[in-house]
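For chain G, the structure is supplied; the task is to place chain U on it using the hints.
There are 2 protein chains.
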Amino acid sequence: MVQRRPSQHARTTRRIAEIDEPSAAVWDVVARVDSDELATAAALLHNLHPADQADALAALDHRDRRRLLDRIDSHTLAELLPFLTPEELEHVAPDVALPQLTAALDESPAQLGADVLHALPRSDAEIVLGRLPKAGLVEPLLEHDDESAGGIMAPELMVLNPHLSTEQALNVLRAAMPAPAVRDTVYIVDTEGVLLGSIALHALVFAAPLTALRDLMEPVGPTVTTDMDQEDALKIFQRYALHALPVLDRDGRLVGVTTSDDLLDIAQQEATEDMYRLVGLVDDEALTAPVTTALRRRLPWLLLNLATAFAAAAVVAAFESTLARIAALAIFLPIIAGQGGNAGMQVTTLAVRAMALGEFDRHFTRIVLPREVMIGIASGIAFGLLVGVVGWLWQDNPWLGVAVGAAMLGTMIVAGLFGLSIPIVLRALGADPALAASIFVTTATDMLGFLFFLGLAALLIDRIA
Amino acid sequence: MVQRRPSQHARTTRRIAEIDEPSAAVWDVVARVDSDELATAAALLHNLHPADQADALAALDHRDRRRLLDRIDSHTLAELLPFLTPEELEHVAPDVALPQLTAALDESPAQLGADVLHALPRSDAEIVLGRLPKAGLVEPLLEHDDESAGGIMAPELMVLNPHLSTEQALNVLRAAMPAPAVRDTVYIVDTEGVLLGSIALHALVFAAPLTALRDLMEPVGPTVTTDMDQEDALKIFQRYALHALPVLDRDGRLVGVTTSDDLLDIAQQEATEDMYRLVGLVDDEALTAPVTTALRRRLPWLLLNLATAFAAAAVVAAFESTLARIAALAIFLPIIAGQGGNAGMQVTTLAVRAMALGEFDRHFTRIVLPREVMIGIASGIAFGLLVGVVGWLWQDNPWLGVAVGAAMLGTMIVAGLFGLSIPIVLRALGADPALAASIFVTTATDMLGFLFFLGLAALLIDRIA
Numbered sequence: 011m012v013q014r015r016p017s018q019h020a021r022t023t024r025r026i027a028e029i030d031e032p033s034a035a036v037w038d039v040v041a042r043v044d045s046d047e048l049a050t051a052a053a054l055l056h057n058l059h060p061a062d063q064a065d066a067l068a069a070l071d072h073r074d075r076r077r078l079l080d081r082i083d084s085h086t087l088a089e090l091l092p093f094l095t096p097e098e099l100e101h102v103a104p105d106v107a108l109p110q111l112t113a114a115l116d117e118s119p120a121q122l123g124a125d126v127l128h129a130l131p132r133s134d135a136e137i138v139l140g141r142l143p144k145a146g147l148v149e150p151l152l153e154h155d156d157e158s159a160g161g162i163m164a165p166e167l168m169v170l171n172p173h174l175s176t177e178q179a180l181n182v183l184r185a186a187m188p189a190p191a192v193r194d195t196v197y198i199v200d201t202e203g204v205l206l207g208s209i210a211l212h213a214l215v216f217a218a219p220l221t222a223l224r225d226l227m228e229p230v231g232p233t234v235t236t237d238m239d240q241e242d243a244l245k246i247f248q249r250y251a252l253h254a255l256p257v258l259d260r261d262g263r264l265v266g267v268t269t270s271d272d273l274l275d276i277a278q279q280e281a282t283e284d285m286y287r288l289v290g291l292v293d294d295e296a297l298t299a300p301v302t303t304a305l306r307r308r309l310p311w312l313l314l315n316l317a318t319a320f321a322a323a324a325v326v327a328a329f330e331s332t333l334a335r336i337a338a339l340a341i342f343l344p345i346i347a348g349q350g351g352n353a354g355m356q357v358t359t360l361a362v363r364a365m366a367l368g369e370f371d372r373h374f375t376r377i378v379l380p381r382e383v384m385i386g387i388a389s390g391i392a393f394g395l396l397v398g399v400v401g402w403l404w405q406d407n408p409w410l411g412v413a414v415g416a417a418m419l420g421t422m423i424v425a426g427l428f429g430l431s432i433p434i435v436l437r438a439l440g441a442d443p444a445l446a447a448s449i450f451v452t453t454a455t456d457m458l459g460f461l462f463f464l465g466l467a468a469l470l471i472d473r474i475a
Numbered sequence: 011m012v013q014r015r016p017s018q019h020a021r022t023t024r025r026i027a028e029i030d031e032p033s034a035a036v037w038d039v040v041a042r043v044d045s046d047e048l049a050t051a052a053a054l055l056h057n058l059h060p061a062d063q064a065d066a067l068a069a070l071d072h073r074d075r076r077r078l079l080d081r082i083d084s085h086t087l088a089e090l091l092p093f094l095t096p097e098e099l100e101h102v103a104p105d106v107a108l109p110q111l112t113a114a115l116d117e118s119p120a121q122l123g124a125d126v127l128h129a130l131p132r133s134d135a136e137i138v139l140g141r142l143p144k145a146g147l148v149e150p151l152l153e154h155d156d157e158s159a160g161g162i163m164a165p166e167l168m169v170l171n172p173h174l175s176t177e178q179a180l181n182v183l184r185a186a187m188p189a190p191a192v193r194d195t196v197y198i199v200d201t202e203g204v205l206l207g208s209i210a211l212h213a214l215v216f217a218a219p220l221t222a223l224r225d226l227m228e229p230v231g232p233t234v235t236t237d238m239d240q241e242d243a244l245k246i247f248q249r250y251a252l253h254a255l256p257v258l259d260r261d262g263r264l265v266g267v268t269t270s271d272d273l274l275d276i277a278q279q280e281a282t283e284d285m286y287r288l289v290g291l292v293d294d295e296a297l298t299a300p301v302t303t304a305l306r307r308r309l310p311w312l313l314l315n316l317a318t319a320f321a322a323a324a325v326v327a328a329f330e331s332t333l334a335r336i337a338a339l340a341i342f343l344p345i346i347a348g349q350g351g352n353a354g355m356q357v358t359t360l361a362v363r364a365m366a367l368g369e370f371d372r373h374f375t376r377i378v379l380p381r382e383v384m385i386g387i388a389s390g391i392a393f394g395l396l397v398g399v400v401g402w403l404w405q406d407n408p409w410l411g412v413a414v415g416a417a418m419l420g421t422m423i424v425a426g427l428f429g430l431s432i433p434i435v436l437r438a439l440g441a442d443p444a445l446a447a448s449i450f451v452t453t454a455t456d457m458l459g460f461l462f463f464l465g466l467a468a469l470l471i472d473r474i475a
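Residue numbers (the working numbering), protein chains in the order written: chain G, 11 to 475; chain U, 11 to 475.
Honestly, the hints are just simulated from the structure, not real lab data. There may be inaccurate statements among the hints.
Identical copies look the same in the list; a pair holds intra-copy or inter-copy alike.
Stated by the list, open to error - Keeping only pairs whose Cα atoms sit at most 25 Å apart, straight-line, the calculated DMTMM-like set for lysine to aspartate or glutamate is:
1) Lys144 to Asp74
2) Lys245 to Glu283
3) Lys144 to Glu166
4) Lys245 to Asp275
5) Lys144 to Asp116
6) Lys245 to Asp83
7) Lys144 to Asp156
8) Lys245 to Glu98
9) Lys245 to Glu157
10) Lys144 to Asp80
11) Lys144 to Asp71
12) Lys245 to Glu100
13) Lys144 to Glu330
14) Lys245 to Asp442
15) Lys245 to Glu330
16) Lys245 to Asp261
17) Lys245 to Glu47
18) Lys144 to Asp200
With the rest of the complex left out, here is chain G:
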């Protein structure tokens, strides 16, 4: 999308911001708008790469953004819109004058049009759609779920019928749309629009002029339907190492395609979701969201975490009389909890990631479960011995060593079992396997670890005290 019809001169002089460094040029634009030098700000903006232009627009407040937008032509706007994140789009899109926005969307991919319309108030979206010449391409996209293959597909395709010759085909393509989403593949459909196969543009161009497309056509490979979850589409895309994945409607008609560019974004988004959920964060939390938003999102999970921490505390409370006789037992609680929680989270992380990459089920029953049990037992024995000896020597009491060592062994085995089974159970319940998994895993290892340790200590109390 970046490369569409740039003016060559502007292109070569555009400054590209360093990755991982704040772009001084972006902040310069913002500062000029702040100090009312709008003409200078607009001129500076015009020389930036569209990715940086988008950053500058996103950094302004609503009033300043509207003033700067007044000085931007719709072509510049069309170039920068793809670089706004979905959250930035929600702030920026409503600030654009509707005629300017309509003109920009008319030269943008339909998928971007759908994203922008989603970001507008309903009445404004209807006005833009009513005036948009390519509404026919954009409108069907609005029906699909945001996180489905239909929600991420691009409908701009080079589509031909199989009876054409290559020469006819090239003439048809010459007259067709200027910016297909997949620039290297022509899709072949029958008169109903049902996908029959595809031809690399490369092969089409270099074939003899009178060859029938039917004879050049490669058969249909993997496809998805519009309602498939984007994460499953990503798995198919990666498993079959595709360049582009055709999206079909229920009748097998080709309605769009998802490309690796789209799916790269999806992969990053899904990985972020899993990482966040593992520690009880809500998916779309960003480091720059307002404090109140962050609190509203994080507090429920921290509250759940607190409730489960009280459950672990209740186990300790049940042994208060044992602790009253041997206060030194309390010293070992953080060791049991820390070691069990970390071992459990390692297994959970492995399982969640394998599920996300579609690598989990294939090996699970044969290899993974017995393996994790063995790792739990082996590391439990190693750490049980180590912690037992340290506990014995530190507190000069062999029976305390026995209690803490045996509890450590038990905790490590429990950590492996719960670390693996919690994501499996969450998935079986239809929840995300990563959903606050750390909270559940550490609670399980804390409670059972404390129960093993304090229970053993209570049994051995006459020897330890």
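For chain U alone, kept in the frame of chain G given last:
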């Protein structure tokens, strides 16, 4: 790569395994080899999608794999090789007869050739390279670091000089290599090979025949050099929403290109690394690695975790006399530790992910640091009050409530500060910001949380006891 020159009949009848389900067809092949029905196994294999063929080969042991490979032609081998993971390639590549492997690599992309040669014993790699007709393309790739842009680039490009007309250009391309890595873009270089610009194949095909390429050429956009880290290349690719990213040598000569297909794999690999490192797992641990491998990799980190747990335990030990007077204090240790650790890990996860996506530095000084301090204070006040009141009512002692509530406030603030600063410090030291961050963060919150709580309790001991 999947779509290269398949026989059409075989293509349409090939079975595609369900995503997320073990493919019965794959296990069928494995079972036939097991029971010595090699001809049937080879016939079944031939009807599978190359992705599934790769799975079947990877699932066999060395002896069985060699027997099945004897019945596979080099073209089938070339089709399935791209679907083996790097670890699978290490097992499979040495089992292939060298002439068969050489023939397969000759019809494969050079980048795959480099990967396969890396997986072979040195002497075998030299034999293959000596016989490989396209050694000239493969050999330069072997020099680059695996995780650099040079290590993931493809050298097969459509490259032309700017003085050609479009008609001449198409004639040159017709005679050139059949499978360029980027099928939709022609790169324009000078006589030294220095990149001057690019033209969409699409634009070239549909331009007037006598147009000079110079006049169609779009200027050079973002590029990377061969020695750039693949993760930085990924950030540039995503920031500028590119389709393909040219890779230049130190003199600005175009030597290859990385595409979104490669970078999608890199993005997944980097996300996996970060998720693993956050919990102290080594990058390339897989759920199916041998138990001894897993132990060798996980034990050092669990040992570090244990050492840090002992540091937290030492804080508790320092207050043993306080705990001896009031055993109920031990009950609140898991609550302090659990809440602080979770809050800290939330911030660490946000920071590590933002760093990976290149979104961290731009907003950091202005927004992130003050925001996390505020979130820590606000949630610390909320949970301090809540835990204080619960502690007071549970143990019927308002001063215990004061101690645990104030300690909770302090712990939450510390969690925000350490959760944010530990990845920053790790990165400043040149380490991965995610490196075992959970271990450091939870240790810091445990130690300081216990110190706050037991220290306050010791000060207030005459009122609490």
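Hint by hint, here is what the structure shows:
Taking the closest pair of Cα atoms, Lys144 and Asp74 never come within 25 Å of each other, the shortest separation being 30 Å inside a single copy and 58 Å across copies. With identical chains, the CA atoms of Lys245 and Glu283 are at most 25 Å apart both within one copy (16 Å) and between copies (19 Å). Taking the shortest alpha-carbon separations for Lys144 and Glu166, only the intra-copy value of 11 Å comes in at or below 25 Å, while the best inter-copy value is 37 Å. In this homomeric assembly, Lys245 and Asp275 come within 25 Å of each other (Cα to Cα) both inside a single copy, at 13 Å, and across copies, at 11 Å.
Only within a single protomer do Lys144 and Asp116 lie at most 25 Å apart by alpha-carbon distance; the minimum there is 6 Å, versus 46 Å between protomers. Taking the closest pair of Cα atoms, Lys245 and Asp83 never come within 25 Å of each other, the shortest separation being 40 Å inside a single copy and 28 Å across copies. For a Cα distance limit of 25 Å, the shortest separation of Lys144 from Asp156 inside one copy, 20 Å, qualifies, whereas the shortest one across copies, 45 Å, does not. Taking the closest pair of Cα atoms, Lys245 and Glu98 come within 25 Å of each other only across two copies (19 Å); inside a single copy the shortest separation is 28 Å, beyond that limit.
Taking the shortest alpha-carbon separations for Lys245 and Glu157, both the intra-copy value of 14 Å and the inter-copy value of 23 Å come in at or below 25 Å. Taking the shortest Cα distances, Lys144 and Asp80 sit within 25 Å of each other inside one copy (24 Å), while across copies they are farther apart (56 Å). Taking the shortest Cα distances, Lys144 and Asp71 never come within 25 Å of each other, neither inside one copy (31 Å) nor across copies (57 Å). Taking identical chains as interchangeable, the C-alpha atoms of Lys245 and Glu100 lie at most 25 Å apart only when they sit on different chains, with a minimum of 23 Å there against 29 Å within one chain.
Neither within a single protomer nor between protomers do Lys144 and Glu330 lie at most 25 Å apart by alpha-carbon distance, with minima of 72 Å and 75 Å respectively. In this assembly of identical chains, Lys245 and Asp442 lie within 25 Å of each other by CA distance solely inside one copy; the values are 16 Å within and 27 Å between copies. In this assembly of identical chains, the alpha carbons of Lys245 and Glu330 never lie at most 25 Å apart, being 51 Å within a copy and 54 Å across copies at closest. For a Cα distance limit of 25 Å, the shortest separation of Lys245 from Asp261 inside one copy, 23 Å, qualifies, whereas the shortest one across copies, 39 Å, does not.
Within a single copy, Lys245 and Glu47 get their C-alpha atoms no closer than 49 Å, and across copies no closer than 32 Å, so neither meets the 25 Å cut-off. When the C-alpha separation of Lys144 and Asp200 is checked against a cutoff of 25 Å, the pair qualifies only within one copy, where the shortest distance is 24 Å, while the shortest distance between copies is 40 Å.
Checked against the numbered hints above, the structure violates hints 1, 6, 11, 13, 15, 17; every other hint is satisfied.
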